[in-house]
Amino acid sequence: MKFGVVVFPGSNCDHDAFYAISNILKKPVEFIWHQSQDLANCDAIILPGGFAYGDYLRTGAIARFSPVMKSVSKFAKSGGMVLGVCNGFQILLEAGLLPGAMTRNSGLRFICRHVHVRVEQTDTAFTNAAAKGQVLRIPIAHSDGNYTCDEAALGELETNRQVIFRYTTSDGTEDAAGNPNGSIANIAGICNRERNVAGLMPHPERAVESALDSADGLVIFRSMVEALVGAAKATA
Amino acid sequence: MATAPTEIKVTPEIAAEHGLTAQEFARVKEILGREPNITELGIFSVMWSEHCSYKSSKVHLKRLPTRGKLVVQGPGENAGVVDIGDGLVAAFKIESHNHPSYVEPFQGATTGVGGILRDIFTMGARPVAVLDSLRFGPITAGNGVSEKEAAKNRRILDGVIRGVAHYGNCFGVPTVGGEVAFEPCYSQNPLVNALALGIAKKDDIFLAKAKGIGNPVIYVGAKTGRDGIHGASLLASAEFTEESQQKRPNVQVGDPFMEKLLLEACLEAMQTGTVVAIQDMGAAGLTCSTTEMASRGGTGIEIDLAKVPQRESGMTPYEIMLSESQERMLLVVEDGREQEVLDVFKKWGLDAVVVGEVTEGGLLRVRDRGKLAAEIPAHPLAEEGPVYQRPIAQPPARKETAADWFQFSAERTNLTDNFAKLLGSPAIASKRWITEQYDTSVRTNTLAGPGASDAAVIRIKDPETGKVKRALALATDGNGRWCELNPRVGAMHAVAEAARNVATSGARPMAATNCLNFGSPEKPAVMWQFSEAIDGLTIACNELGTPITGGNVSFYNETLGKSIYPTPVIGVLGILEDASRVLKIGFREEGDVIVLLDGSTPLAGAQHAAPLQERQREFSSSEYSKTIRGIVTGEPPAIDLGAEKRLQECLVSLAAAGSVRSAHDVSDGGIAVTLAESCFAAASQGATQVGANASLPPEASPAEYALFGERGARAIVSVAPSSLGAVLETARQCGVAAQEIGQVIRGDGFRIEYKGSAVVDSSVANLFETWAHSLERTLKAG
Chain A
512 MKFGVVVFPG SNCDHDAFYA ISNILKKPVE FIWHQSQDLA NCDAIILPGG FAYGDYLRTG
572 AIARFSPVMK SVSKFAKSGG MVLGVCNGFQ ILLEAGLLPG AMTRNSGLRF ICRHVHVRVE
632 QTDTAFTNAA AKGQVLRIPI AHSDGNYTCD EAALGELETN RQVIFRYTTS DGTEDAAGNP
692 NGSIANIAGI CNRERNVAGL MPHPERAVES ALDSADGLVI FRSMVEALVG AAKATA
Chain B
1342 MATAPTEIKV TPEIAAEHGL TAQEFARVKE ILGREPNITE LGIFSVMWSE HCSYKSSKVH
1402 LKRLPTRGKL VVQGPGENAG VVDIGDGLVA AFKIESHNHP SYVEPFQGAT TGVGGILRDI
1462 FTMGARPVAV LDSLRFGPIT AGNGVSEKEA AKNRRILDGV IRGVAHYGNC FGVPTVGGEV
1522 AFEPCYSQNP LVNALALGIA KKDDIFLAKA KGIGNPVIYV GAKTGRDGIH GASLLASAEF
1582 TEESQQKRPN VQVGDPFMEK LLLEACLEAM QTGTVVAIQD MGAAGLTCST TEMASRGGTG
1642 IEIDLAKVPQ RESGMTPYEI MLSESQERML LVVEDGREQE VLDVFKKWGL DAVVVGEVTE
1702 GGLLRVRDRG KLAAEIPAHP LAEEGPVYQR PIAQPPARKE TAADWFQFSA ERTNLTDNFA
1762 KLLGSPAIAS KRWITEQYDT SVRTNTLAGP GASDAAVIRI KDPETGKVKR ALALATDGNG
1822 RWCELNPRVG AMHAVAEAAR NVATSGARPM AATNCLNFGS PEKPAVMWQF SEAIDGLTIA
1882 CNELGTPITG GNVSFYNETL GKSIYPTPVI GVLGILEDAS RVLKIGFREE GDVIVLLDGS
1942 TPLAGAQHAA PLQERQREFS SSEYSKTIRG IVTGEPPAID LGAEKRLQEC LVSLAAAGSV
2002 RSAHDVSDGG IAVTLAESCF AAASQGATQV GANASLPPEA SPAEYALFGE RGARAIVSVA
2062 PSSLGAVLET ARQCGVAAQE IGQVIRGDGF RIEYKGSAVV DSSVANLFET WAHSLERTLK
2122 AG
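Sequences listed follow chains A and B, in order.
Per this note's numbering, the first sequence runs over residues 512 to 747.
Per this note's numbering, the second sequence runs over residues 1342 to 2123.
Hints were generated in silico from the structure; no laboratory data involved.
Treat the hints loosely; a few may be bogus.
When the alpha-carbon atoms are kept at most 16 Å apart in a straight line, the in silico EDC-like pairs for lysine to aspartate or glutamate are as follows [stated by the list, open to error]: (1) A/LYS537 x A/GLU685; (2) B/LYS1762 x B/GLU1741; (3) B/LYS1808 x A/GLU720; (4) B/LYS1810 x A/GLU720; (5) B/LYS1772 x B/ASP1499.
Example chain B residues on the side facing chain A (calculated, C-beta under 10 Å, incomplete) [stated by the list, open to error]: (6) ASN1510; (7) PRO1515; (8) TRP1689; (9) GLY1690; (10) ARG1800; (11) LYS1810; (12) GLU2110; (13) HIS2114.
With beta-carbon atoms standing in for the labels, derived distance ranges [said to hold, decoys possible]: (14) A/ASP549 x B/LYS1564: 58 to 68 Å; (15) B/ALA1743 x A/ALA726: 36 to 46 Å; (16) B/ASP1676 x A/GLN546: 55 to 65 Å; (17) B/ASP1692 x A/LYS581: 44 to 54 Å; (18) A/ALA551 x B/ASP1692: 26 to 36 Å; (19) B/GLN2074 x A/VAL740: 21 to 31 Å; (20) A/ALA551 x B/SER1921: 48 to 58 Å; (21) A/ALA551 x B/GLY1614: 42 to 52 Å.
Source: prediction; values computed, not measured.
The beta-carbon is built from N, C-alpha and C at its ideal position, and this holds for glycine as well.
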């Protein structure tokens, strides 16, 4: 089992994702340079947070054209596990691997604080170790996290149970008070129809130790490990 | 001024326009042995500007203590460096970017942050934290402040906050602390002081000494443009006038994405083992980096401007040498191995070009397409600039009598409303609306971000293994109002409070950095303030064991002849031997005992017996006096450094033993504010809501003094009843008085008694409402 963390110029949560996997999860992990089309036989790919290519034009708009994204797309379409966090989520949207788009936060400011997200679905590679309805306390840090899509797309997301995380208050109530950035339907994270690609705005890699105020993000990485172990058993 | 063709003949008038005095111009000619050309004049003018040469402050700065057994690198390099154990060092420094932030708040603040970050990674250290110490004019109208002025100050604040946030967030360094304060004197001259901290292996520290004749000099990073020409000399080294807005083109423009690439590329290039020296191009750009590297290395440097990457065409040698375009670095690498370094920068998509070489003979030689554009001996240019012993004159004593001082309210007055007003004042109110715009948790090291502890606390991951043992604590402080009233005592308080904040987080203070913001050095009264402040810093840093390892001086903080309050801002760095022992300010459990620690009263129950008038005089300088009555006069509280030292030792011992549940120092707004903030923080730290029931020890003072007085050397801790004995014993051993003043209670009651009557009686929820949202409400008003 090996994780790969993609490094774009301007990625700045790459070290944090790497640290969470190597030092907390204690699983093999390596960096993958954006110019490379070789995913180094990794079993799961993480697109980390940051400002890839300076996020000029639009968040993630340039990164989607990088050489590594060709391989990531191919990997994802063949069922490979891909998680995009924050800027990584934005890149997945731009790359068309996930539906919808990101706009400026409704308050038009960068927001960094712990928020609560409710786990909506547990039959994904990213949430199988969580309980349905479990509320996770995880930090956000972004200025473009206002997820949006048209009504038809939202309908499809809901019908196909692709919304996997929603912003809520601490007691799990889904309302405006729990929504930090104006995202439609309080969406904090979604997966694709095949459930092997997911993106979320909150940073689970920043919530993996109680010393950092919360270890709630660990469940997402543990789920990925579970899914990989399960997949390995299935093929064995 | 921005375009100056080389053909211009240098006259005394042109020299004067460049800010050089007649004597300085004569000295230029003496060093050269001839008339300078216009490029050379430009080079001298920036190198000898106040900002770069420290010509007015040098004689005073010499008095500061700069040595200590943990100091690896003191002032004079890009940043100070201290030993933090296990083969690691911390590099840290604070710098001002005041004038640019007034002229263009967003860009001024971004480039302030960018500049200090470059100083840190130039040393080979990876930046791990930024703090910002900000001062603005009043953001609410009233007390002689018009709505127009308040609105303008809000816009400046908004631009600065967005700039600080944008740069740090994009670069990927957490902005974890600092302070924001408001005084009328900063209306036309806000202060933006940025502090950065980095960590490196002790053996991998890089210096800016150009060594090895024939070694290539490499220019890396952003292209050179016409931005920021004379930023250091004309913007930072002159006071503001009504025409200052025309200086907008002198403000640099920041690009944090470029800087992030530069960081990664520089750290990677350093790993090749070929980098001999490195210096960033900040103030005075290419001029300063070439001159200082050559001067420090005892060598010369020759560069060819035709090779310098340029953003626009037709730039003159004058413009290229003086440009302050951001995100640029100059490297000296081993001859023959330059390709290794060039490859690293190519990988990161950055320009990297050999522009010259290290030479013998000590000359800075600048060629432009083969033609000699400037030739100046580097050492005299860098080190033999003018040094002034500026006239000093103590201003006449303020004429004030007891009638001008704060008149205490009658005994038994209920002070709840005043207290709520104090909690809602911009100085005391929660800064969360500001700090939430900063990424405080990137790099996953933040053990205590803004407001969680009295200091920002960052854990140290071993660069190889990621293992965590120790943590670093950082706090900044500087009370301009107190320094205006008494610069010596005010400066001592700044050191004492920053160190106390660090100790209250559980860390042992180890070193300091300073940013000295003052008015015009050409005014004897300002130089008196400066000299007094230096003396205060010297005494306090010596006593508290925090040598100054670097920083900067910012003079000419005045507009239309009016100076700001003298504002020395001090950053203190401390080390926490066990990263799991961080003390936070929030109360935790109902039933815990609230204990007031006081370093200045070794005998429990001892009272401060001073005449009432002394109390009035001292209290007139408090936040309460300013907020409730609009009175700003008197004297800052007397300072007792021995008491501060005892209290700090006590706090560090208590943290190490893990015997207290929370700790918060007594400062702005006194004990009442300390208690309230400890209740507020309980909720935000995820604990259940708790309140406080306290009864302050009766003194021979009015209630307002007891509740809101700001005398130092005090902190409030909460203690589990089972640990109380151990805590009192530790305090006794440290010579610190420890008095039980109350209890943490379930629910949200908040009550303070004094001499048998409830002087504050409210609920945490009510007080929190005011404290938490008043700044946001004010700033959202636009």
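Practice task
Output the numbers, in ascending order, of every earlier hint that fails for this structure.
Solution key: Violated: hints 1, 2, 11, 12, 13, 14, 15, 16, 17, 19, 20 and 21.
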